[in-house]
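Using the sequences and the hints, build the whole thing.
The chain contents come next:
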Amino acid sequence: MPTSSGKAQPAPFRIFFVSIACVALSAQSALAQTGGKPGPMQSGTHTPRTETSPIDVGKLFATSCGWCHSGGGREAGKGPQLMGTALTDDQIISRIRAGKTGQMPAYAGAFTDQEMRAIVAYIRSLKPAPVEGRK
Amino acid sequence: MTREFRRTALSFAVLLAFCAGAHAADVDGKRLQNAAKEPDNWMTYHGDYRSWHYSGLTEINTGNVRNLKEAWSHVASRSVRGLQSYPLVVDGVLYYSGSYNQVWALDGATGEVLWQYKQKLNEDLVAKQTHSPYNRGLAMGYGNLYMGTLDGKLVAIDMKTGKLKWETKLVNSEKLTVGFTGAPLLVKDKIIIGAQGGEWPDRGPIFGVDANSGKQLWRFYTAGGEEGNGDARNTWLNDSWKTGGGGGWMAGGYDPETNTVWWGTANPAPLYDWSGPDYKTKGARPGDNLYTTSVILLDPDTGKLKGYHQELPHDAWDFDSATGEFIMLEKGGKKYVVHPSKSGFVWVYDRAGKVQNVWRLIKHINFVKDIKPNGELVGRRDMTEGKHKNLCPFIAGGMSWNMGSYSPKTGLLYKVGNEWCMDLEIKKTTPVLEPMAQLNIGADFNITHPEGEKAHGHVSARDPITGKMKWQIKFAEPPLASLLSTAGDVLFVPDARGWLRAYDARSGKELWSHNNGQGHNGGIISYKAKGKQYVAVMTGWGGLAGDDYGAFFGGTFAQMPKDSGVIKVFSLR
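Heads up: the protein sequence lines correspond to chains A and B, in order.
The opening position of the first sequence corresponds to residue 3 in our numbering, with each subsequent residue numbered one higher.
The opening position of the second sequence corresponds to residue 185 in our numbering, with each subsequent residue numbered one higher.
Treat the hints with care, since some could be wrong.
Claimed, not checked - Partner residues are not named here, just some residues of chain A that face chain B (Cβ under 10 Å, in silico): (1) Leu62; (2) Gly73; (3) Gly86; (4) Tyr109.
Don't read these hints as lab results, they were simulated from the structure.
Here a beta-carbon is modelled for each residue, glycine too, at the ideal position from N, C-alpha and C.
Shown next, in the form of structure tokens:
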């Protein structure tokens, strides 16, 4: 078992007592992950999102947007304050889709239409944080 | 002129041209090992394998630096987020890279363009990237310049002609969104390069590639390793290694004496875990999450893990170890490797990777109460879902990726420190992988001032082993560019507002300053061309740390362009 510091332990020590079936399954999984040989890396398997998947937009924002739009969109940070924006819904969606060179990535193809509409609704719902929120 | 004479003259000219060309092509792993003996050149990102970011040139010194004047400059096209790279110089020719994987070769004495190279990129992909489109540097050797691309390739460009020699696709950027922004490292006949990672849900590979053929030779996964090479997937419960992040987005170091590559790895994803103190069994990625936020020691020939030290087990604050250089030095007959990190702490190792000391460069740290000299974390601040105030330092780090400088003349390490904090609200997130990977942050946050004082930066001169401070200069905003010290006892500090300042490296006394018109966020070197010493510094603003300055610090930063890049070169008048 690796610790926070030390020499790497070869994998065989750890899997020595594991059954052959488990080893085979593990190897198969590793091959699926790596393509079996050095080369362009691949992502693991996962369930694609669809238009009908439920959306937790607060979670989505904190996953991908909060890096630049500070305070959950309530304050200017790397990107502008979103709360109270003068942009129309269509303009917001257009910006999410196309991004802005050097300032915001394009999310066309990354977010579904439903997710983009949910983000617009999230922005429209933003209220100022309690006063003690910012020094 | 007789035919015989013409033939002889022509042969001589061809021979001269061949010799001139062959000289640059002679840069190889062996020559890099002796780079310190060639102060006229700057042949690798960190100056040489010791990563001192120090120039042995003395023509410009404390006695005459006041006479420094701009000699020439070159404007880089499409400089979105400024110039963040380091120039390289060999035999009077300066090479540098800019945004969108552009490269220029310039006459080092005049700035005249010899050639320019523009990589054909997947522009649709680049438009979808957040940590983009800057490039932070090149490697040179075997007649080539090597560069990692935004869309996941390593390319070799002919140093003489600026033509593409080969390109090798290493990362499936179309799926993973990220590619390469950091400089490659030439070690012997191999190119080592680390992919972006961190907050992106994948496995953060580092690659070894044949420098001549471009063939991929090995790959090391920083998130969990793999069967047969540092398998540590059991430090990520629930198969979280599959989306673990990691990566090694800055150039590492090399110790020729032990034939060991030292590489700093990035943070795990999501950045902020909601596990709280039960991080070994709960949260997004239960376990220590090897080999994220670690220093790893690799065999450059095979990519096999030789050893490691995880500086922050289960990093829950995005204070990755990818940022710091590996300063290799000797003191009191002992050999050390000094490694600054985003956390604000500086780790001191022996050459085998065993921790010898840990010291703090900045004042405002509260993600832990302390880190003991043996590397043990004391009083971790492991947060749960919800709001948290005054976490220090800010996500951009107590130190960022801008390099410090070590002068063997003064025995001091010069380094930028950042004093700033943040409030955050941690939220439970799920990695987004389809149709292409997205950031996995795990929180909403904002930058704040530390309690009791305004956010600011400083440059300090310290004993690299103990951290004992000799002098310190305060800056209203943290400088985000790298430093350069010289054998002329001059320390150059390019600051965020656009001032390039020269100090006496011994005392910290300011000797000279010049306003370059926009912020600095890249490298600085010194070299000689046609017998004269020059100092070259990158200018241009924008980036993941600097983008906060406009809203937070205001002033000149609210108006500073974020699509402009100029390399400025100075010499004595």
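### Task
Against the structure, test the hints numbered earlier, and report the numbers of the ones violated in rising order.
3
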